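> Chains as they are written, first to last, in our numbering: chain A, 20 to 192; chain B, 51 to 325.
Simulated from the structure, these hints should not be mistaken for lab results.
Certain hints may be false.
[To be verified] Cross-link-like lysine-lysine pairs, in silico, DSS-like; alpha carbons within 30 Å at most: (1) 84(B) x 64(A); (2) 131(A) x 64(A); (3) 216(B) x 235(B); (4) 84(B) x 78(A); (5) 84(B) x 131(A).
[Unchecked claim] Covered by chain A, according to a simulated footprint, are these stretches of chain B (three or more residues, beta-carbon under 8 Å): (6) 118 to 128; (7) 156 to 164; (8) 279 to 291; (9) 303 to 312.
[Unchecked claim] Partner residues are not named here, just some residues of chain B that face chain A (Cβ under 8 Å, in silico): (10) 137; (11) 139; (12) 143; (13) 233.
No experiment lies behind these values; they were computed from the predicted model shown.
For every residue, glycine included, the Cβ atom is placed at its ideal position computed from N, Cα and C.
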Amino acid sequence: MMQCNHFFNGQLNRSPYAFRAYRANARVLPLTTPEDYASLGRIEKPAVQSPVFCGFQEKYDLLEEIVNAAFLHLQPLDRCVMTAMMPGGLRLPARLLQDDIFLLHQVDQEAKRLFLDGFSVLAIEESIIRHPLESGRNHLRLRWFPQHSSQRQDGWNELVRFLHQLNIVAIDE
Amino acid sequence: MSELELVRAEFIRYPQSLLSVDDRLQNLSPVLAKAVGEQIAYALQGWQGPIPDRHFVCSTIMDLAFSRQLVNWPTLVEQIAQYTDAVPDMLINAYECASWGYSLRQALSHPRTSPYVMCTIVDLNLMDLAFWRANPNWGNSGFGIVTLLFRAETNAHECVTVNVAKTSNFIAEFSIAVRNALADKPDYKLALPFFPPAVTQLFQRLLPDADMLPDLHPRFGHCFGADPWISLIEQAPHASSGQRFLATSVALNGYWTMADITLAADGIFNWREAK
């Protein structure tokens with residue numbers, strides 16, 4: 020039976036790399052004609068505008084660090100499925116393109132399929148925005164589906180501590 | 051056994067946007083579902099085999115509609131089910147034009163219950179934005195949907211390669227990777243993505259010995275991940291039995307994919323224009 024006994028629901032609440040310098044590289048879809056503005060003007064604004072805490076490169080660095088930490092701390096872990104906000108604008112880090120990670124729009128079905136095939140799976144969903152025109156609440160949700168119960172909780176706790184160091188804190192909602 | 055055989059490939063070209071900018075965005079999901087659902091049903095006409103248990107929708111340019119919640123994926127899938135039983139099960143767009151290759155890698159390198167895998171590559175200008183119509187990077191765009199049905203033998207994952215460039219000169223890195231892949235395969239025909247002359251000249255310089263299928267950019271524009279499959283559809287009536295192809299795509303961010311493909315003897319390969 021597919022059991023998620025490890026669940027983290029968090030939110031980025033300030034810059035993950037407060038004292039690191041990053042090149043400004045915002046990539047926003049260029050709008051060039053009145054029709055472009057009319058077209059996008061049909062999209063409703065979000066009720067709450069989330070703050071932007073990280074740029075494009077910072078976000079990829081953040082996701083790469085989280086994946087590296089997950090594979091370091093979680094035992095057992097074979098596969099990771101993760102949502103991807105596109106267009107990326109920048110090249111994904113090579114780690115996120117390896118064959119133990121699959122990036123897709125919705126993770127549930129693939130996580131379940133991999134688990135039933137015998138893999139221990141981590142599902143990562145995020146809505147961290149990189150520009151005010153993106154929609155998202157800066158949420159990060161992690162669910163771990165190990166094939167067998169870990170004897171020790173240390174790995175999961177280590178991972179959550181690492182997320183806190185990146186200013187991703189647990190929330191109730 | 052490691053054959054990856056193309057059984058069906060159907061492309062439909064959309065010269066016009068599905069919706070005008072005056073239409074309500076609420077209409078987007080049902081209109082998109084109709085276009086995709088009817089295309090899948092058309093591609094599988096007369097198909098007697100089992101419905102694949104893996105069916106990826108791949109896209110390069112349509113993320114906005116999904117990330118801004120203009121189209122809800124589960125709702126879209128329900129709407130597509132009104133037109134076909136072969137509903138897609140997931141949407142892949144992170145890898146841009148190379149999304150079909152990363153999807154095949156995922157499908158073929160994990161346990162499967164069926165020898166059949168489907169990819170439907172959908173690149174429609176849903177918001178009718180000028181940026182997507184033409185761009186200095188790829189010239190004029192071509193919009194459409196291509197539905198692909200593969201028969202994949204046990205080790206067919208060996209037929210698919212994905213990789214990413216290490217430098218900003220991704221076209222050169224991709225070309226060298228293609229050249230290496232073809233080094234011991236002189237009989238292969240090469241299906242490259244469609245690009246304007248500046249890029250195709252680079253292909254010709256770096257791949258002087260490759261047996262390239264014609265660049266169809268002047269006719270179709272750059273059709274994102276669909277390009278190599280349109281080439282194969284065009285070539286299919288002239289292909290000799292057992293002919294092997296290398297189908298390739300490269301994305302602006304430097305992701306690329308190559309697939310070693312044969313065409314099924316009883317395969318159906320067509321394209322048509324949307325009315």
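> Which hint numbers does the structure go against, in order from smallest to largest?
Violated hints (numbers, rising): 2, 4, 8, 10 and 13; every other hint is consistent with the structure.
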